[in-house]
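Chemist: Protein chains in written order, with this note's numbering: chain A, 1 to 287; chain B, 1 to 287; chain C, 1 to 287; chain D, 1 to 287.
None of these hints come from the bench; they were simulated from the model. It is possible that some hints are incorrect.
[Claimed, not checked] Stretch by stretch, here's where chain A covers chain C in the computed footprint (C-beta under 8 angstroms, at least three residues):
no., region
1, 44-52
2, 253-260
[What the hints assert, rightly or not] Simulated crosslink set (EDC-like; lysine to aspartate or glutamate; CA at most 16 angstroms straight-line):
no., chain 1, residue 1, chain 2, residue 2
3, B, Lys282, B, Asp42
4, C, Lys275, D, Glu38
5, A, Lys275, C, Asp239
6, D, Lys282, A, Glu247
7, B, Lys99, D, Glu112
[Stated by the list, open to error] Quick list of the computed label-pair ranges, beta carbon to beta carbon:
no., chain 1, residue 1, chain 2, residue 2, range
8, B, Ala113, C, Leu230, 44 to 50 angstroms
9, B, Ala14, C, Ser185, 52 to 58 angstroms
10, A, Arg136, B, Gln83, 53 to 59 angstroms
11, D, Ser180, C, Ala250, 55 to 61 angstroms
12, A, Ser242, B, Ala149, 47 to 53 angstroms
All C-beta atoms in this analysis are idealised placements derived from N, C-alpha and C, irrespective of residue type, glycine included.
Protein chains: 4
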Amino acid sequence: MPQARTAILLVACADRPGLVCTVAEFIRSHCGNILYLEQHVDQDHRAFFMRIEWALDGFGLDERSLAPRFVKEVAEPLEMDWQLFTSDQRPRVAIFATKEGHCLYDLLSRHEAGELNVDIPLIIGNRTDLQSAAERFGIPFHHFPITKANKAAQEADEIALLEANGIDTIVLARYMQILSDAFVSRFPNRVINIHHSFLPAFIGAKPYHQAYQRGVKIIGATSHYVTADLDDGPIIAQDVISVSHRESVADFIRRGRDNEKTVLARAVYAHAQRKVLVFNNKTVVFS
Amino acid sequence: MPQARTAILLVACADRPGLVCTVAEFIRSHCGNILYLEQHVDQDHRAFFMRIEWALDGFGLDERSLAPRFVKEVAEPLEMDWQLFTSDQRPRVAIFATKEGHCLYDLLSRHEAGELNVDIPLIIGNRTDLQSAAERFGIPFHHFPITKANKAAQEADEIALLEANGIDTIVLARYMQILSDAFVSRFPNRVINIHHSFLPAFIGAKPYHQAYQRGVKIIGATSHYVTADLDDGPIIAQDVISVSHRESVADFIRRGRDNEKTVLARAVYAHAQRKVLVFNNKTVVFS
Amino acid sequence: MPQARTAILLVACADRPGLVCTVAEFIRSHCGNILYLEQHVDQDHRAFFMRIEWALDGFGLDERSLAPRFVKEVAEPLEMDWQLFTSDQRPRVAIFATKEGHCLYDLLSRHEAGELNVDIPLIIGNRTDLQSAAERFGIPFHHFPITKANKAAQEADEIALLEANGIDTIVLARYMQILSDAFVSRFPNRVINIHHSFLPAFIGAKPYHQAYQRGVKIIGATSHYVTADLDDGPIIAQDVISVSHRESVADFIRRGRDNEKTVLARAVYAHAQRKVLVFNNKTVVFS
Amino acid sequence: MPQARTAILLVACADRPGLVCTVAEFIRSHCGNILYLEQHVDQDHRAFFMRIEWALDGFGLDERSLAPRFVKEVAEPLEMDWQLFTSDQRPRVAIFATKEGHCLYDLLSRHEAGELNVDIPLIIGNRTDLQSAAERFGIPFHHFPITKANKAAQEADEIALLEANGIDTIVLARYMQILSDAFVSRFPNRVINIHHSFLPAFIGAKPYHQAYQRGVKIIGATSHYVTADLDDGPIIAQDVISVSHRESVADFIRRGRDNEKTVLARAVYAHAQRKVLVFNNKTVVFS
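One chain only, chain A, in its complex shape (with noise of 0.2 angstroms):
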């Protein structure tokens, strides 16, 4: 069945009394019903955040007057930071992949099941091992192999492409290179990383290495925005599985990846649901 198309509302600011209200009445008051309302208050930092939904089916503003109208008469008096999309607007998502395929495939045969909610127009591969899988689906796929001379000049036509594609969210499914902080600041909070441990244990190379040395009993993936920090960004998801001593290392290679899969899917699925909001480098990830 076709969804109703909706209105989606993410806000964060200082918070204070009144603010579901106020935000609540402007929808109220141009006939809006609310299908979804989700607000978290960080005692810490006094700091409001809250994810809005309602049917854009009878609602009195149209479209192009709803983000002036709300910036005017709630954003800017209440200071508040605002993003404002509809359900059908899609994240556009670009893929980089290397060589380990099981997170690229998890993807695409979710986007090609509908499941995701984003549109992929893109691959891109620092080889082409998986060039292949990329054909399979029908999306074009891009080889930028990467060295350390040439590696500004590979993530300058990088970010050309992206642009010309209109890319807004980059999914790391295993992607085996380190994005300069040059590449990482022209997409803050967009840039999705898979990382195959359990953060922040076993930070860089070869987790289930580290993993299996120190004889632990549960092995995870950690999903998260990537930063300029290695491996140090908000976390998004994770999940673990259990292991014991008749696993090698070998063991946990191949049984992990079933865990990256669906961390690095739910990540997705959540940032594509616009249900995340990054905060003091944590998130406040909707449910």
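For chain A, the structure is supplied; the task is to place chains B, C and D on it using the hints.
Modeler: Okay, now just chains B, C and D, sitting in the frame of chain A:
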């Protein structure tokens, strides 16, 4: 650190535009600062549910006027079901137990640690096996042996005792007697049971034996409000643990206890925090 | 890294003293080094199960002599059921699918990554929805539409095709047709199904709808061998995910897919590793 | 039902062909019926581990002769490390606690329910907060306040007390003092700690605060043997619970307790069942 006193309002009604707004405006108009708001719309039944909590410090209505004013200005016009509490109104809980002590001990040690926001004025046993447990924690224990012949009379005495102690919530901590419909109907959505299976699988007696017989790889526990239909009341919380062919029924029973304790405590906690609403034999459990 | 070839022996028999010793001595006497041994005694039925794996490199019996010698010296005297494999004998798997592609894609991408120790010579669909998925992975797709009228004939043709391809294992990847008893009896403990509930809860059609209706807080998936009794065969693997009142049936379906994929793949993997024995409508799944 | 008495043998040695066979033959030759056998080969270090349990009823060696005969005939020729127990030899456990009572209560109520196969002759506290808990369960409580000045002397007195009571296992049930290396070295692989994080993440003080600060979506608990390196000993058991932005540090602490209790009890249970072997700062935990 002592928590500031709050008011907690639970509402349920037919969905329509402006509900959040109207309630939030009522609170704002009396200078209340909302600390927590969660709402839910059951799209199938067009039903609206909300839990809203605000600081009483600085709130402009005195507490005696709050309920009558809310009813007159909001609840009656909008045909809302509502419940109103202050955060220091603690549920008064009677625990019913028989001979398995793990859930009882677990609740009592949580209570002693200040983890559960309840008072426990008394414990009722249909046997005396757990009298010493009650005494260790300094809580009066009442013995009501039940037979077919005396059940009606004993339950009448139990109800009298419960009412004399202002009990509003009953927790069946592996209580091995079925309460009569008459009893249950006195405490609608106020009798919390723990069933040692993943309902609706393995209803009735000896669920771990049934699970073992079926060869399941996971066993569960379910906490639910008791209704006239055995093991069929609204589910509040469920969880599971993995098992294998190596485990006997005795292992299921031993390991299942951990699950039962945790699931029951989670349900009691949510109930005590006024986070559970019942609708259509299902629960809304606010987060 | 290529794994060294091993022999894998599965045995089942009535329990009695000396079983481990006799089998281990048979292997040792031919200079075999045991890499893995796990046994299980079902105390209720006095039944013994063992899986034992040893390196073929340096083993003193040539492979043609191994089985006959084992039978004569060990299995017959001890009245053992036995199965003997080498690690490079891969199960030949036919996947049956209908229109939901998530399990099929998942298995194919695992297969392509070398994660599953199986060959997949063909895919059968009762519809053509997933033909393109099969083609993407270069695996022959065969369309067998099933009606009441043609079912017997179509199944006969399917069996002929399976036999012509040396298929020994059938995986029902959300295949929406019930196989006839005649069909199932041709592949005892060799047809693996995924049912999208936590069996024995929610047997039959639309289990997510049933789960939603009941208001459960956890939904499950179960992979089992198919027998003549619907959804009642020996369970190989189960897992669950948490849900809440916020989720619709559509959310259950979407999120449940992850669980179905993982649980089915886990069952296929265990089967392919020759780690599953069936006894008394239950499984022993070696670790 | 009373369990039949069994012998439990744990062995560790360099891997070589014939180990299972030799041990099993030793048992069989004295008419022992193996009830349980699990072995593990650490392929990296070519190390062999086995736990084997057999019925003493009908076993042909008297118990005094068993160990010397095993040593002479098997362990010495094969250069095995070994431990031999009978199932009714219960570990003698001293619990150390400070002021958080949840793990202590949990262990004591399990003990009282007959769930843990241990004796608990005494409880030691560096404060008196939990004296009443000990007394409720009728277990002697000893108060050893620790300061920098008196630590060496107090630990010497503790060791004298432990030895006088035949204590072989120490369980640190949220004990808020670091044991000296000298103390720990007296009980190698016999001091079990619970750390309230998913190690190696959040080592040291206030791990829930660290976790909150980092914004993780899952918090953990780890039970491990104590070594000279803080929080770095061999891990016996770990588990996690999901958290969200809605939860404060206080919520982490409250909800984490359930996890700590369960993980610690699981480790103590495995230890008491003689199912844990330590090798290379990791554990083999037989199932």
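Chemist: Which hint numbers doesn't this structure obey?
Modeler: 1, 5
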